[in-house]
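The whole structure should be built from the sequences, with the hints applied where relevant.
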Amino acid sequence: MNLGKYLDNVREKSPLVHNITNYVTVNDVANALLACGASPIMADEPDDAVEITAICNGLNVNIGTLNSRTIESMFKAGKRASELGHVLLLDPVGAGASSLRTDTALNLLKQINFDVIRGNSSEIKTLVLGSGTTHGVDADKADSVNDDNLAFMIDFVKDFARSSHSIIALTGAIDLIADSSRCFVIRNGKPEMGRITGTGCQLSGIITAFIAANPDNKLEACAAAVCMMGLAGEIAFARLQDGEGNSTYRNKIIDAIYNMNSEILNKGATYEVI
Amino acid sequence: MNLGKYLDNVREKSPLVHNITNYVTVNDVANALLACGASPIMADEPDDAVEITAICNGLNVNIGTLNSRTIESMFKAGKRASELGHVLLLDPVGAGASSLRTDTALNLLKQINFDVIRGNSSEIKTLVLGSGTTHGVDADKADSVNDDNLAFMIDFVKDFARSSHSIIALTGAIDLIADSSRCFVIRNGKPEMGRITGTGCQLSGIITAFIAANPDNKLEACAAAVCMMGLAGEIAFARLQDGEGNSTYRNKIIDAIYNMNSEILNKGATYEVI
Amino acid sequence: MNLGKYLDNVREKSPLVHNITNYVTVNDVANALLACGASPIMADEPDDAVEITAICNGLNVNIGTLNSRTIESMFKAGKRASELGHVLLLDPVGAGASSLRTDTALNLLKQINFDVIRGNSSEIKTLVLGSGTTHGVDADKADSVNDDNLAFMIDFVKDFARSSHSIIALTGAIDLIADSSRCFVIRNGKPEMGRITGTGCQLSGIITAFIAANPDNKLEACAAAVCMMGLAGEIAFARLQDGEGNSTYRNKIIDAIYNMNSEILNKGATYEVI
Numbered sequence: 002m003n004l005g006k007y008l009d010n011v012r013e014k015s016p017l018v019h020n021i022t023n024y025v026t027v028n029d030v031a032n033a034l035l036a037c038g039a040s041p042i043m044a045d046e047p048d049d050a051v052e053i054t055a056i057c058n059g060l061n062v063n064i065g066t067l068n069s070r071t072i073e074s075m076f077k078a079g080k081r082a083s084e085l086g087h088v089l090l091l092d093p094v095g096a097g098a099s100s101l102r103t104d105t106a107l108n109l110l111k112q113i114n115f116d117v118i119r120g121n122s123s124e125i126k127t128l129v130l131g132s133g134t135t136h137g138v139d140a141d142k143a144d145s146v147n148d149d150n151l152a153f154m155i156d157f158v159k160d161f162a163r164s165s166h167s168i169i170a171l172t173g174a175i176d177l178i179a180d181s182s183r184c185f186v187i188r189n190g191k192p193e194m195g196r197i198t199g200t201g202c203q204l205s206g207i208i209t210a211f212i213a214a215n216p217d218n219k220l221e222a223c224a225a226a227v228c229m230m231g232l233a234g235e236i237a238f239a240r241l242q243d244g245e246g247n248s249t250y251r252n253k254i255i256d257a258i259y260n261m262n263s264e265i266l267n268k269g270a271t272y273e274v275i
Numbered sequence: 002m003n004l005g006k007y008l009d010n011v012r013e014k015s016p017l018v019h020n021i022t023n024y025v026t027v028n029d030v031a032n033a034l035l036a037c038g039a040s041p042i043m044a045d046e047p048d049d050a051v052e053i054t055a056i057c058n059g060l061n062v063n064i065g066t067l068n069s070r071t072i073e074s075m076f077k078a079g080k081r082a083s084e085l086g087h088v089l090l091l092d093p094v095g096a097g098a099s100s101l102r103t104d105t106a107l108n109l110l111k112q113i114n115f116d117v118i119r120g121n122s123s124e125i126k127t128l129v130l131g132s133g134t135t136h137g138v139d140a141d142k143a144d145s146v147n148d149d150n151l152a153f154m155i156d157f158v159k160d161f162a163r164s165s166h167s168i169i170a171l172t173g174a175i176d177l178i179a180d181s182s183r184c185f186v187i188r189n190g191k192p193e194m195g196r197i198t199g200t201g202c203q204l205s206g207i208i209t210a211f212i213a214a215n216p217d218n219k220l221e222a223c224a225a226a227v228c229m230m231g232l233a234g235e236i237a238f239a240r241l242q243d244g245e246g247n248s249t250y251r252n253k254i255i256d257a258i259y260n261m262n263s264e265i266l267n268k269g270a271t272y273e274v275i
Numbered sequence: 002m003n004l005g006k007y008l009d010n011v012r013e014k015s016p017l018v019h020n021i022t023n024y025v026t027v028n029d030v031a032n033a034l035l036a037c038g039a040s041p042i043m044a045d046e047p048d049d050a051v052e053i054t055a056i057c058n059g060l061n062v063n064i065g066t067l068n069s070r071t072i073e074s075m076f077k078a079g080k081r082a083s084e085l086g087h088v089l090l091l092d093p094v095g096a097g098a099s100s101l102r103t104d105t106a107l108n109l110l111k112q113i114n115f116d117v118i119r120g121n122s123s124e125i126k127t128l129v130l131g132s133g134t135t136h137g138v139d140a141d142k143a144d145s146v147n148d149d150n151l152a153f154m155i156d157f158v159k160d161f162a163r164s165s166h167s168i169i170a171l172t173g174a175i176d177l178i179a180d181s182s183r184c185f186v187i188r189n190g191k192p193e194m195g196r197i198t199g200t201g202c203q204l205s206g207i208i209t210a211f212i213a214a215n216p217d218n219k220l221e222a223c224a225a226a227v228c229m230m231g232l233a234g235e236i237a238f239a240r241l242q243d244g245e246g247n248s249t250y251r252n253k254i255i256d257a258i259y260n261m262n263s264e265i266l267n268k269g270a271t272y273e274v275i
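Protein chains in written order, with our numbering: chain E, 2 to 275; chain P, 2 to 275; chain W, 2 to 275.
Don't read these hints as lab results, they were simulated from the structure.
Even glycine gets a Cβ: it sits at the ideal position worked out from N, Cα and C.
Just so you know, not all the hints are guaranteed correct.
[As the list claims (entries may be wrong)] A few chain W residues that don't get close to chain E, going by computed Cβ distances all over 12 angstroms:
no., residue
1, Asn28
2, Ala143
3, Asp148
4, Asp156
5, Lys191
6, Met261
[Claimed, not checked] To give an idea of the chain E side of the interface with chain W (calculated C-beta under 8 angstroms), a few residues:
no., residue
7, Asn28
8, Thr66
9, Ser99
10, Asp139
11, Glu245
12, Gly246
13, Asn252
The structure is reproduced here in structure tokens:
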């Protein structure tokens, strides 16, 4: 499959992505979007968010440091983006770790149809079950996808895709990107990416850009974004030198996205479709 | 012209700059201010902002992620800084992209006299016309300064400087820094700086510091800051190695500011005064 | 003394640290916590903060960009963390620079017992005297600890530790880490760390993690964290190359924390106990 062309389209169309996101990783989200060829903008005052989202191509909603003002913006901008047929992505950071996070994510899903829901295994499980026990913002090990539970987890995300009418992007050591009938099982990436804050947040922004630039192939575009992020993690890891750690790794991953092209992506993408 | 001495004065006086700015690029603004020898402080709760601004030498107002609380702080701290004769800069991020941004910028200009207004061509045009069509936070190509429209744009910024009683810093591929009678046309910088989030925000902080340290030569100090930022972009670009991208470029630009001195600045500044 | 084992315990137990902190340096705080083996989470909407703090092992309260919403969260989450016996740290950023900062810090100390108060000399002095004249977020030179006033300052922090029932971590060129009877005088670190925003904020997060992982040796664990941060600054400084400045230095410090181990820490820690 030519996943590289979905990246080419991002670079060619340069979609404008509105991010209502947390203040921990927002700078990396902006630079990651620029690295892949998209343009970021952030607005989270309700009136401003509604107007800004209207001039964008996609909306990335991330509840990582939600508050009453930004929650109102998520709902209002989400509904506006939905009316306009824009790409919508939900990143339910910490769903399962507090009732405000769980409830906000579930209510957003009830009122707005997201094209993609991207989270770790604990967050996705929380959304399916209606409650959860997420350990902070990281997935519980008990919830993770591995070769033993792979067939079960593929059915799980396909079922959730069917009931939610969204693409499910469950990311971790193994990434599962599914609609109701097909699931990309992606094995790009490095475990050390978990020692950097925000690789998941960056990916959510990037997926929004990829789908905005490829509206007719949403599942493939989403999988291409996930492969690219993991592959950037591999390339950056290979470029680490003695004495370097997670802060430099962060920079080198964004650099690797900046230097990614369709050829590198097609050659390095490691996945099967089930 | 000895622009380097304006940098020397920043390093000698170490002005304290209060920034009411967006949360996307705030960390880079702080490190860029430290790199050039100034001290940053951030406060955006209205009561706190008014008190903090009083102990500072300049106030940098950036509307990049404005909300009702920070807007109130911008007006209150702006008025307080104005009463105290402090340097005041407005960075109208996204003016023209939403009515809240356009209106906030225009109302700030009505109620407070800013020493400098720094923005891209679309933002500046919006402020002059009272409305605009800014594409997100980046300038529309149709609005950009080039050699064909240069004479017209120089008159345009001089006129706006006259009517606003502010120095206009319109930055882009060619930077125009003007008061009502003189315009610095600056050709430092690299187009790749546009692939990093926040170089404009950093520059706004730095200009505030430069003018705070050089109150008797505001136009020259502003031009020196703009030359220095562009030159840092050139130096950092020359230091980029294979495989490096926008994230490392961001770090190397701030590093280049850190290592800048008056000799390098005087030698590398590329400008004419018209 | 085997300070290294306190780091080993952080890496083994991976404490979850809730940070109510400023948006200037929050990303670096998160990556520094990940670098030392802990897990960060941020929540500052009052209801969310109370729930999130309950699933954590420690709470790091930093007033660097406080507002009415986050202040409410500091008090509510602080009381909840206190009820649950979690580690509590206060970083009174800018206490003395505005009445809101001074009053918030003093009221937090009245209502909540913090395990550690970490600040620069001006901030700590402000808390003892009830008012101050902090120059922005940096310490006044007049307040700094040096070899001439060392004996006096050691008594000063021990006295404050006694009256506040907290460990006092007064950090600067010389760091003093004291309870009512013992004071670690630490001489790790580099003056250039002051040219980076956020090394103090990072340290506050890290101390919270160290104490959460070593509840039976709070003073030693706090001293180990401070030695480690300073030593990381030394190691990173030695790794700086020509042309590099404060932005790369920031990354290399976090990298050095990432690569720190008990052997390096024990060998490089420079302190005496008085």
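Hint check results:
| no. | hint | in the structure |
| --- | --- | --- |
| 1 | Asn28 | violated, 6 angstroms |
| 2 | Ala143 | holds, 34 angstroms |
| 3 | Asp148 | holds, 32 angstroms |
| 4 | Asp156 | holds, 38 angstroms |
| 5 | Lys191 | holds, 16 angstroms |
| 6 | Met261 | violated, 9 angstroms |
| 7 | Asn28 | holds, 6 angstroms |
| 8 | Thr66 | holds, 5 angstroms |
| 9 | Ser99 | holds, 4 angstroms |
| 10 | Asp139 | holds, 6 angstroms |
| 11 | Glu245 | holds, 5 angstroms |
| 12 | Gly246 | holds, 3 angstroms |
| 13 | Asn252 | holds, 7 angstroms |
Violation of the numbered hints given earlier is confined to hints 1, 6; the remaining hints are satisfied by the structure.
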